[in-house]
Amino acid sequence: MGRFLLLLIFLLPIFSHAQFSVGEFTGPQNSLVVQPSYPGPGQDYTVTLDDYSGGAYGASINWFIDGTERVDLKNNRSITLQASELNTETTIRAVLTTPDTANRTLTTTITPRYLDIIFEPQTHVPSFYKGRALPSQGSIVNTIALLHGTNIPTANLIYTWQVNNEVINGGPLRGQNRISFTTPLGDEVLVSVQVTTTSGEVLARRVVALPSVRPELHFYEVNTLYGVNQKSLSTLLLLGNSVTVRAVPYYLDSRVFNQPDIATWEIDRSVYDQGINPYEVTLQRAQNNGSSRLNFQVQSTTAFLQGVEGSLPINY
Amino acid sequence: MKRLFLILAICLIIALSAIWGYLLFFGAPESTREFFANFNFGNTEETTPIPEPDNSLFEEGEGVSEPTELDALRQLTTKPVAGYAEVIDQASSSTFIYYIEVGTGHIFKLDAITGTEERLSNVTIPNAQLGYIHEDGSVAVVQSAAPGDGELTIVELTGALDTANSFPLIGAAHDFTLTEDREVLYTLKINTGLEGYSYNIETKVTDQIFTLPFREAVVSWGKSGDATHFAYPKADPRLEGYLYNVSNGVLTREPVSGFGLTAKGNNQMVLASKMEGDVYTSIIYIPEKNAVTESNYPIVPEKCLLSEAVTSAVCAVPVDPIPTNGITNWYKGITTGTDRLITISTTEGNDAFLLLIDLQQVSGRNIEAINISASPLQDKLYFQNNLDRTLWLYTI
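Residue numbers (the numbering used here), protein chains in the order written: chain A, 43 to 358; chain B, 1459 to 1854.
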């Protein structure tokens, strides 16, 4: 048993290597470190001399950008530059000179590209809402990566996706610039994508933090003639004999929204029967004046975070 | 004694009747000025009258406000409006406002001078929410159900109420507009994105003009189907957005991106806003020069009207600062505010702002201006109040 455990400990790095390939997520193999590794056009980036071994101690450093020496950067170990235009290559060369050794030249090239990551969470927002939906725990997020600045067709590029540092869909995927994943638990999801050529050259890489939110409920008045009044109600003044109110659970998983396990209206804590649409209720004036509290709850019975409850004061 | 009182009373009645009779037939003043001047109370010198506040502009109720020369800012309708256009009648050279009523889709012709209106179309489009009318007044396109996902209907206006003709164009359109060339430009959602189409009303020919690789997009339409259009993913302050232009079917990334990005643009100028940390910031992008400059004024691009000819725009800008999630709450209808109308012009990266009118200060009520348009002579601005979708006019 002891031997087996010892063997397992030695073998663990091999398994982890299979998931987190060093070649996939490290920058070019040289001693100039670029941060961010793959800047976009016009973006500022720093190039730092990686001298962990101390070999450049006492050396003079001359920087050359596209073959032209930048005297103002002389002897700096870290320089900041602005990325050139889209898909325009810039060669950065650092020449290290020490009195007792030969010159050493370190080179890196930067080709700015845009790598856009677009999230389309499959949660509910009303059709009049002009913004984008946000994900909530358990909901599906469709994600698209768009690389601009290469002539290689999407079908010939290799995409490696990670969600919260876990490679998804089994590993690098050729032509797969679209993925779907389920929003994990937590306030934020880290999504990264790396795009490489079929020969393994890394073209771009990005990591984006995607927020995960709780569903929220808002009430709107529905007018028979004019449709939904797009002003959210904080309180409802019932002037006529009846009024129709719609409950809109923003960011609720679309699957739960379409088939809610529980969708209940209450008035002053008494259940009120709704009509065909579980999200709408028509209220009739029962007394000349007074006040009540309208309550609505929608809930999934299998995913406890997929639910929301809210109330609306009514004066009449 | 009693008899004496009776005689005096009769005499008094006769005297009063005589005075009343005289005043009735001979004593009426020739003018109200003469009548009041006769009292001679206090100083009788004439002074310049102080105009009463024109509260009639802002009263709720039927009909439009009574126009006077003072009404630079006027409410034109009390009904919510789905779309409108200023139309010049070719025969009389008179200017009218055509508008589509929310809910019914009925189209009305409004005389902004007299306030009279007539119905041009009794074609009912249930739950009409958004529409456009051609500037020649011959055709309109109306979306029923919710904006963004409703069916489009074309309404041909032939001049007579009973000859208005309509036909459904397509199923649920996501985004649409009507061009000067009588083309309906619209987008349809597909599994892998969004497809843009142009439909020529004359030839009844539909062409696909572009495909976007994402579904949740906002399109800032160009002047015609073959013009440059701008598109970006729908905004949220917590999600990054990117600006693209679509020309001849080719999608090109523009150097504009950011959290909560919204934009509106044409070939001359793109106005965009985004969150820089917790600060709502706006930028002006000149595509021809590939130049991006930060605006000194926070702009909500969706509430701007861009000039097609020069790098200038008219924008409705909120009086109050826009908070971190201000745009989201505005979309949800949680927050409302009031606007100023300003002009923006930019040359060589320097933007100049000119205040046209503070709508709240002048009207005394909250007005959020949306769907701004200008008259052909650029002397009038039309807009809708987002709070009740009524139509307003501001004469510059």
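Keep in mind that the hints were calculated from the coordinates and are not lab data.
Incorrect hints may appear among the rest.
Unchecked claim - Facing chain A, from chain B, some residues (calculated, C-beta under 8 Å):
hint : residue
1    : K1567
2    : N1585
3    : P1671
4    : E1674
5    : T1786
6    : G1791
No residue lacks a Cβ here, since even glycine has one placed at the ideal position from N, Cα and C.
Now for the hints, and whether the structure bears them out:
For the restraint placing K1567/B at the interface with chain A, the shortest Cβ-Cβ distance is roughly 21 Å, beyond the 8 Å limit, so the hint is violated. Checking N1585/B against chain A: minimum C-beta separation of about 5 Å stays under 8 Å; hint holds. Because the closest C-beta pair between P1671/B and chain A is about 6 Å apart, less than 8 Å, the hint holds. A distance limit of 8 Å between C-beta atoms decides the matter here; for E1674/B the minimum to chain A is near 5 Å, and the interface restraint holds.
Taken as an interface hint, T1786/B checks out: its beta carbon lies about 5 Å from the nearest beta carbon of chain A, inside 8 Å. Look at G1791/B: its Cβ gets to within about 4 Å of chain A, closer than 8 Å, so that hint holds up.
Checked against the numbered hints listed earlier, the structure breaks hint 1 alone; every other hint is satisfied.
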